Amino acid sequence: MAGLIKQSTSNTSTYAGLGPLLMLPSWLVVGFFLVLPVSMMLVYSFLTKEFRGGVIWEFSLAAYDQFFFDRGLFGDAPPVIEWTYITIFWRSIWQAALATVFCLLIGFPTAWFIATRTGPNKSIWLFLITIPYWVNLLIRTISMKFLIRDTGPLNEFLMWTGMISDPIHMINTNFAVQLGLFYSYLPFMVLPIYASVERYNFTFSEAAADLYASRWVTLTKVILPFVKPGIIAGCILVFVPSLGAFLAPDLLGGAKNFMIGSLIEEQFKGNAGNWPFGAAVSMILLSMVLVVLTYYARQQSKVEAR
Amino acid sequence: MARKLDIRRFPGFLPITYLCLFLLYAPLIIVMVYSFNDSNSITNWGGLSLRWYAEVFTGVESAKFKAATINSMTIAVMAAITSTTIATLAATAMLKAGRFRGKAISFALINMPLMVPEIVTAVATLIFFSAIGFTSGYLTILLAHIVFCIPFAYLPIAARMQGIEDTYEQAALDLYATRFQAFRLILLPLMTPGIISGFLLSFIISLDDFIITNFVKGAGIETLPTAIFGSVKQGIKPNIMAISTLLLLVSVIFVTLSYLVGRMGQNKK
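Line by line, the protein sequences give chains A and B. Those letters in the first sequence? Residues 1 to 306, by my numbering. Those letters in the second sequence? Residues 1001 to 1269, by my numbering.
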């Protein structure tokens, strides 16, 4: 019923017939400066590279071939699978997945706690979580870099407490990248889960408690299924940007902990780059993201059909 | 009253919330504190001082930062105005114009900048501008920013518009107002808090962007984030912490304003 009412207010038609005219600027801007560029990127991924950056307009599968196959130094050896780039993708997926799990572990209790506050306190808590979300990502990554340097405040503090005698080397490790991703996208996890806990009807919990369900059973059997859409949304909002992240791996990870973002960036930097290859890697990343988003859209429509 | 199992409480959730806030704020606060450090090294504490703030405004890098700030601010203002206008029209179409062809696809299009990973948008935009031979750094940055600001402007505007019933405009139309008059005199004033929020948020999003700007800017032009990134590549210096603190404060002020404006609108309702 609630759904029906919402439908009727959102389908009002004071400006009936003007829809396309009002949409025109959005269509033009997004179409011309995003849809068209992405299509051109697809085309570029099938072109031949030019040696000082840029492309030659000649069809070629070289970019995708380079990604998946190793044909030896002169390109005439029988193709074997090229692991370099697959490893980078695998590392990125693994790092992004791990960041998602850690964000969920901290984010869910936080979102729940805030959503169950009452009165003005709630909006203050929510505001406190929202602020870091809007603080410049570059600055946040720099803060993290500053904090975990070998001679940074964290190591100084740990040595001062006597817990360690020598600084722990954290910068330029996978751990640092992980920390950076977790730190960058944590608020993205809290906000959607908060929104779905807000809609949760606590009489369900009361009913479960009346039927002698323990807290744990109520959480896993009643609450989690209900707030699942929010959890999935949060996981996607953390996973997708982590996968293509550039700043955290670049500033915290160094050269050994390459992720997709740095691989792409390198192809467009200076004269050493390879534009078609960079475009192909971007296309592969984009297709992976589209798979995740399609899964999400399906889950959402399932929820709405319920 | 016998206290039954409190169904809203889970043991341990409060400490985790504190931990979450601590993790989010500690690095930022430490950088803010160290920006007042009166020492040439970033490691040792040498007492309080404003010298690194003076360094930002008068030091060797001050000319670079000044130019970058002007670029960042003017681009952010123009991108925010344009994307807020586009988003306001789009929200009116999506919520107040009934059904029309291409409505479903329009929604996907508005949100597309959020779906495509930033680095992919960056690559695509770079390829597009270089293919059409358009290399003015300032304009390319501005155009790219307008695109990805649209969904951020759209969200608060659409949220606000959803709460405005049709009756006011219908009344105006019954009294022989034209639809343009109904839009300008009824809908827009009611929408003002949403529009201001949308403007402020897209302003921050534009001001903060690094990845896309870094790809499309070309040589010879810097925004504040790309200038800071360039300096950090040579190591974190104390003046970077001072300028980071300033930028951080700008973001916090804008978010706070956006939040207050949003609340003001709700109270009036």
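To be clear, the hints were calculated from the coordinates, so they are not data collected in a lab. Treat the numbers as computed from the prediction; the structure is a model and nothing was measured. Ideal placement from N, C-alpha and C gives every residue a C-beta, glycine not left out. Accuracy of the hints is not assured; some may be wrong.
Unchecked claim - With a straight-line Cα cutoff of 30 Å, these simulated DSS-like cross-link-like pairs (lysine-lysine) come out:
#: 1; chain 1: A; residue 1: Lys269; chain 2: B; residue 2: Lys1233
#: 2; chain 1: B; residue 1: Lys1237; chain 2: B; residue 2: Lys1217
#: 3; chain 1: B; residue 1: Lys1066; chain 2: B; residue 2: Lys1233
#: 4; chain 1: A; residue 1: Lys269; chain 2: A; residue 2: Lys122
#: 5; chain 1: B; residue 1: Lys1217; chain 2: B; residue 2: Lys1066
#: 6; chain 1: B; residue 1: Lys1237; chain 2: B; residue 2: Lys1064
#: 7; chain 1: B; residue 1: Lys1103; chain 2: B; residue 2: Lys1233
#: 8; chain 1: A; residue 1: Lys256; chain 2: B; residue 2: Lys1233
#: 9; chain 1: A; residue 1: Lys256; chain 2: B; residue 2: Lys1217
#: 10; chain 1: B; residue 1: Lys1103; chain 2: B; residue 2: Lys1237
#: 11; chain 1: A; residue 1: Lys269; chain 2: B; residue 2: Lys1064
#: 12; chain 1: A; residue 1: Lys269; chain 2: B; residue 2: Lys1103
#: 13; chain 1: B; residue 1: Lys1103; chain 2: A; residue 2: Lys302
#: 14; chain 1: A; residue 1: Lys228; chain 2: B; residue 2: Lys1103
#: 15; chain 1: A; residue 1: Lys228; chain 2: A; residue 2: Lys302
#: 16; chain 1: A; residue 1: Lys256; chain 2: A; residue 2: Lys269
#: 17; chain 1: B; residue 1: Lys1217; chain 2: B; residue 2: Lys1233
#: 18; chain 1: A; residue 1: Lys269; chain 2: B; residue 2: Lys1217
#: 19; chain 1: A; residue 1: Lys256; chain 2: A; residue 2: Lys122
#: 20; chain 1: A; residue 1: Lys269; chain 2: B; residue 2: Lys1237
#: 21; chain 1: B; residue 1: Lys1237; chain 2: B; residue 2: Lys1066
#: 22; chain 1: A; residue 1: Lys256; chain 2: B; residue 2: Lys1237
#: 23; chain 1: A; residue 1: Lys302; chain 2: A; residue 2: Lys221
Claimed, not checked - Partial list, derived from the structure: chain A residues whose beta carbon lies under 8 Å from chain B:
#: 24; residue: Asn136
#: 25; residue: Leu138
#: 26; residue: Lys302
Status of each hint after checking the structure:
no.: 1; hint: A/Lys269 / B/Lys1233; in the structure: holds (15 Å)
no.: 2; hint: B/Lys1237 / B/Lys1217; in the structure: holds (24 Å)
no.: 3; hint: B/Lys1066 / B/Lys1233; in the structure: holds (19 Å)
no.: 4; hint: A/Lys269 / A/Lys122; in the structure: violated (46 Å)
no.: 5; hint: B/Lys1217 / B/Lys1066; in the structure: holds (17 Å)
no.: 6; hint: B/Lys1237 / B/Lys1064; in the structure: holds (15 Å)
no.: 7; hint: B/Lys1103 / B/Lys1233; in the structure: violated (45 Å)
no.: 8; hint: A/Lys256 / B/Lys1233; in the structure: holds (16 Å)
no.: 9; hint: A/Lys256 / B/Lys1217; in the structure: holds (27 Å)
no.: 10; hint: B/Lys1103 / B/Lys1237; in the structure: violated (51 Å)
no.: 11; hint: A/Lys269 / B/Lys1064; in the structure: holds (22 Å)
no.: 12; hint: A/Lys269 / B/Lys1103; in the structure: violated (39 Å)
no.: 13; hint: B/Lys1103 / A/Lys302; in the structure: holds (21 Å)
no.: 14; hint: A/Lys228 / B/Lys1103; in the structure: holds (28 Å)
no.: 15; hint: A/Lys228 / A/Lys302; in the structure: holds (12 Å)
no.: 16; hint: A/Lys256 / A/Lys269; in the structure: holds (18 Å)
no.: 17; hint: B/Lys1217 / B/Lys1233; in the structure: holds (18 Å)
no.: 18; hint: A/Lys269 / B/Lys1217; in the structure: holds (12 Å)
no.: 19; hint: A/Lys256 / A/Lys122; in the structure: violated (43 Å)
no.: 20; hint: A/Lys269 / B/Lys1237; in the structure: holds (25 Å)
no.: 21; hint: B/Lys1237 / B/Lys1066; in the structure: holds (17 Å)
no.: 22; hint: A/Lys256 / B/Lys1237; in the structure: holds (24 Å)
no.: 23; hint: A/Lys302 / A/Lys221; in the structure: holds (19 Å)
no.: 24; hint: Asn136; in the structure: holds (4 Å)
no.: 25; hint: Leu138; in the structure: holds (5 Å)
no.: 26; hint: Lys302; in the structure: violated (18 Å)
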